[in-house]
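*Asks:* Sequence:
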Amino acid sequence: MEKEYYKNLAEKYFAGDITEVEISELAGWIRNNAQLAGWWEKEFEKSAADINPALRDKMFARIKMEVLKESSGISESRTPQQPAVKRTPDKALIPAWARWAAMICIPICIAFFTYNILSISNTDKARSPFIVKADKGDKATVVLPDGTDVILNSASQLSYLSDFGTNERRVQLEGEGYFKVAHDIRRTFIVQVGELEVKVMGTVFNVCAYSNDQDVTVVLLEGKVGIHTPSTSTTLSPGEKINYNKSTRKLSTEKVYPDDYVSWTKGNLYFQNESLENIMKALSRVYDVTIRIDSPKISEERFTGTIPGGGIQNALNIVMLTSPFRYEVEDSVIILKEK
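Position 244 (the sequence shown) corresponds to 244 in full-length UniProt numbering; numbering is contiguous.
Derived from the structure by calculation, the hints contain no laboratory data.
Think of the CB as a built atom: it goes at the ideal place given N, C-alpha and C, for glycine as much as any other residue.
Certain hints may be false.
[What the hints assert, rightly or not] Taking lysine-lysine and the DSSO-like style, the derived pairs with C-alpha atoms no more than 30 Å apart in a straight line are: (1) K199 x K224; (2) K246 x K136; (3) K339 x K139; (4) K180 x K133.
[Claimed, not checked] Estimated spans, in silico, between C-beta atoms of each pair: (5) S128 x T229: 27 to 33 Å; (6) R326 x P129: 41 to 47 Å; (7) Q313 x T235: 38 to 44 Å; (8) E338 x T188: 46 to 52 Å.
Could you put the whole structure together from the sequences, leaning on the hints where they help?
*Replies:* Okay, here's the thing in structure tokens:
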């Protein structure tokens with residue numbers, strides 16, 4: 001009788017006519033009946049045939065991590081507000097029952113898999129935000145529910161609602177992020193930065209929008225994006241960069257070498273005729289240090305070039321090659337002074 005009941009639940013699952021409560025119930029039963037693994041694998045392969053393979057792999061990578069934690073008793077102190085780190089445990093280390101129990105949770109996981117996938121069932125949280133932060137001196141890699149890859153630069157934050165992807169794919173960015181957007185012609189992907197919106201279907205681009213910077217910049221590597229503000233709209237083609245001035249609310253476009261602007265994802269920093277004031281802000285974020293400029297003259301100096309990773313001293317020494325300043329360290333504060 002019991003077996004027949006759960007068989008009916010399984011049939012409801014594969015027919016797409018099952019509630020979240022029934023999914024949890026079915027998962028628990030499979031967890032306690034390891035002999036079902038082979039049958040479940042066969043049925044799942046049939047039902048999952050129309051899922052995008054790349055997205056399915058990303059989902060399993062995250063699902064397997066969560067299942068491994070649950071099945072081995074491993075606990076993790078990371079909260080939803082901390083950066084999510086992609087890890088892909090070896091499939092062989094995960095018990096068969098756990099793999100197949102995880103599979104039936106996919107309808108729920110698609111919306112929630114970045115955080116506590118197998119434990120979220122409260123419908124009151126349907127519009128609650130998910131937040132990923134990269135602290136100063138750190139970066140964070142995120143895979144969104146639609147398969148979009150995001151790399152957050154230091155001192156950056158990405159947030160999105162748990163109904164992400166229902167009608168549109170909207171995220172909010174503070175700081176800098178590199179986006180490789182999964183193609184979906186039906187649902188526009190939107191990066192919101194204050195009153196500016198970057199709209200795409202599927203493409204690769206970089207957005208820099210720190211709150212203490214005067215400009216928001218968008219650099220396009222692949223595809224096409226639309227830029228929208230309350231007063232104007234425009235589009236970008238690959239190899240173009242747009243600057244949006246927060247004060248004047250004006251847009252300007254220029255041709256660039258886009259790879260330079262995403263070199264930070266590989267540990268380098270690129271600056272194009274940038275003021276030392278802004279460069280020191282960037283170095284402060286990347287290396288999590290406090291930098292003070294004692295002279296307005298130094299702040300206005302300009303620098304163009306790439307600074308490879310190697311520490312704050314190395315970065316300062318490179319900038320000093322073309323700029324007339326020296327620096328001292330007092331009480332853990334780096335102070336730039338005129339030579």
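*Asks:* Is it true that E338 and T188 lie within 46 to 52 Å of each other by Cβ?
*Replies:* 50 Å, holds
*Asks:* Given the hinted pair K199 and K224, is their Cα-Cα distance within 30 Å?
*Replies:* Holds, at about 9 Å.
*Asks:* Can you let me know if the beta-carbon spacing of S128 and T229 is within 27 to 33 Å?
*Replies:* Holds - the Cβ-Cβ distance for S128 and T229, about 28 Å, lies within 27 to 33 Å.
*Asks:* Taking 30 Å as the top limit, are the C-alpha atoms of K246 and K136 close enough?
*Replies:* Roughly 23 Å separates the two Cα atoms, so the pair holds.
*Asks:* Would you say the C-beta atoms of R326 and P129 sit inside 41 to 47 Å of each other?
*Replies:* 45 Å, holds
*Asks:* Keeping to a limit of 30 Å between CA atoms, is the pair of K180 and K133 held or broken?
*Replies:* Distance ~18 Å between K180 and K133 Cα, so the pair holds.
*Asks:* K339 and K139: Cα distance at most 30 Å?
*Replies:* Since the Cα atoms of K339 and K139 sit roughly 34 Å apart, the hinted pair is violated (cutoff 30 Å).
*Asks:* Measuring from beta carbon to beta carbon, are Q313 and T235 in 38 to 44 Å?
*Replies:* With a Cβ separation near 42 Å, Q313 and T235 satisfy 38 to 44 Å, so the hint holds.
Checked against the numbered hints given earlier, this structure breaks only hint 3.
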